[in-house]
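Colleague: Model the full assembly from the supplied sequences, consistent with the hints where possible.
If you read the sequences in order, they're chains A and B.
Residue numbering for the first sequence follows full-length UniProt numbering, beginning at 1 and increasing consecutively.
Residue numbering for the second sequence follows full-length UniProt numbering, beginning at 1 and increasing consecutively.
If you're looking for bench data, these hints aren't it; they were derived computationally from the structure.
Treat each hint with caution, since some may be false.
[Stated by the list, open to error] To list a few chain B residues with every Cβ distance to chain A over 10 Å, as calculated:
id: 1; residue: Val23
id: 2; residue: Leu46
id: 3; residue: Leu50
id: 4; residue: Leu53
id: 5; residue: Ala54
id: 6; residue: Arg58
id: 7; residue: Pro59
id: 8; residue: Ala60
[To be verified] Which stretches of chain B does chain A cover? Using the computed rule of at least three CB atoms under 8 Å from a CB of chain A, they are:
id: 9; segment: 11–20
id: 10; segment: 25–34
Glycine included, every Cβ here is placed at the ideal spot set by N, Cα and C.
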Amino acid sequence: MSNATTAYFEDFPEESKVIHSAFWSSFIALTIGGLFGLIQALHRTDVFRFMDSADYYTVLTAHGVLLALTFTIFFLVGLFTWATTTSLDRGMVDLRFTWGWYGLMVLGTILAAVPILAGFTDSIDMSASVLFTFYAPLEGHPLFYVGLVLFVVGSWLAGVDWFRTWWAWKQDNPDERIPLPTFMVLTTTLMWYLATLGVAIAILAFILPWTLGLVDGINPLLTRTLFWFFGHPVVYFWLLPAYMMWYIMLPKFAGGKLFSDPLARVVFVLFLILSVPTGIHHQYLDPGIAEGFKFIAMTNTMFLLLPSLLTAFTVVASMEHGARQRGGTGYLGWLKALPWRDPVFTGMSLAGLMFAAAGFSGMINAGMNINYLVHNTFWVVGHFHLTVGTAVALTFMAASYWFIPQLTGKRLWNRSVALIQVLVWFIGMTFMSNAMHRGGLFSIPRRTAEPQYEEFAFEAGVGSVAELNLQVALGGTLLFLSLVLFLANMVVTVMGDRADSGSIPANTYAGTLSGSEDAPLILDNLKLWTTIAVVLVVFAYTLPILSVIQDGGLFGYEINGFPVSIAPFLPAELPASLETVTAALPEIEVIP
Amino acid sequence: MREMRVSPEALLVAAAFIVPFAVEFRTVLSWVGIELTALETALLGLGMILALLAWAFRPADDDSEERPKRKGDGGRPNPNENRG
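Modeller: Take a look at the structure:
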């Protein structure tokens, strides 16, 4: 429905309610996760510490899970539901089913969040401060894993819902090309199904039985490998909705059209094919996986630069087209003709710009040799705060300034505040991620509550570590301020009165300069691309996983997990656990 | 009030762009042996913002053909611009 004349809530009132609920679920997660982010930034830099450092890891877990999974995926399911219904111009097939998967995701979130947050108190006998990666032998309460499973199953059912709706549309329009937004939804969903198989097997076959005491042991390398089978493509699951916004909305707000529909389809096909067989690049320093397998993962990862560079070209070309339609001239003078006063446009553009920087640091992460320099350092934290923390989060926040009026029929409370909000995020992230990247180059570690050590000091190449710490704290504070401005704008908007009929912009997305008629038919052959994706995954993962199982066993060693509520469990559990781990390790000769 | 070369919003965005430039410029300068303190870097950034403001408020006399009109941030207004 790229030519609609009415707002979304007028055409799809029931779907609007689901999407609005999903967005608010996302915003709530963003609020809690963002607050925890500020606490971490102040704590680890030693600018302001008000909690015990043991609780830092509970905060870090909640921050990671609520932002990396809950915030992003709730927004995604809302966005994809909008994209499907808008581009197919039809409602969801069965709204009870739609509410069903949304409810399942909410239930999963609550079940996962309760044991995490219970880690703050000793009076509740559960905890799950296992971080976003939940590496064994860290052991969370089983409820945490059950919650994660339900949340992912909810997202699977959401995918079924989008496919059903598309299939119903296809019966009525057998000769039509898949509209671009729906094509993006379907390819992303297929990638998600493939990617989540890894984490589903890790939890259901190994971690959950182990935490429930059904099996005695676990193979940590196997579950880590299965986690990263999912853990890298999940970043594309966050990112592709942002890409969708850059492709189908940003050109519209720039005043122009999408440069090329076929190129956009190629990009999403490439992400479907290449996202999954890359996860081992997160394990370059893991012993037990042969270097050759890591090299294959690196090669696959580098191929992923192609769709990102295609996106940069297409989106910038579309923006330039829009700017020239608005009277912009010159090699760079057209930039002045872009609608910088529009917070939706400005937020998405700045997000895209910062993603370019993230691409460069990502290449360093992906390079097998140079990765050793930054592995598990603060650098990596700086990198993903540019990707998920800005490219994704800032795009979602900026898009919300357009979507919430579409869904509620209420005008945005304050556009100036919205513009200031996206700029403050941009500035705050500049300070924070710059300092994180630089700190990583000096080997400052990540996932550490107190990276300050006696008789050892990190040496900063430029300035000092104290300056970097202040920069992180300043950046974190600005980001939280930006978050408060965003939430205030959203809350006051939805509490306002409904606008007069016709005063909310029409629910449209960008037209195309080169449309779907120019795209080869084979691009819409989802079976073919899915088959190729599966084959690549089989090539990339079969031998490494067999090797890991051969070396460490399917259920690994008998390991008493480390329940991660520090007190009161530690005194009783630690010696026994350490003894088990020590016994499992080969003898190590310490050379003085 | 004299008309600016760009809208206040565009000026705000341009000023925001100076922040990453100043932050990264400090590192770049260190490669050629010029080490700035944090205060000097902040002053440099402030100077760049003041220069931007001076440019924005300077009367436009010789480049009026090139310069887009202020309305809609320069150029023709966008019918798709978000006014929600």
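Colleague: It remains to establish, for every hint, whether it holds in the given structure.
Modeller: Quick rundown of the hints versus the structure:
Its beta-carbon lying about 5 Å from the closest one in chain A, B:Val23 breaks the requirement of being farther than 10 Å from that chain. Non-interface call for B:Leu46 relative to chain A: holds, since the shortest CB-CB distance, roughly 14 Å, exceeds 10 Å. The claim that B:Leu50 is not at the interface with chain A holds, since no C-beta of that chain comes within 10 Å of its own (minimum 17 Å). Interface exclusion of B:Leu53 from chain A stands, the closest Cβ pair being 16 Å apart, more than 10 Å.
Non-interface call for B:Ala54 relative to chain A: holds, since the shortest CB-CB distance, roughly 17 Å, exceeds 10 Å. Annotated as non-interface, B:Arg58 keeps its C-beta farther than 10 Å from every C-beta of chain A; the closest such distance is 15 Å. The beta carbon of B:Pro59 is kept farther than 10 Å from every beta carbon of chain A, the shortest such distance being approximately 17 Å. For B:Ala60, the shortest C-beta to C-beta distance to chain A comes to about 12 Å, beyond the 10 Å cut-off, and the non-interface label holds.
Counting residues of the segment 11–20 of chain B whose C-beta lies closer than 8 Å to any C-beta of chain A gives 5; at least three are required, and the coverage claim holds. Interface restraint, the segment 25–34 of chain B with chain A: holds (3 residues with C-beta to C-beta distance below 8 Å; minimum three).
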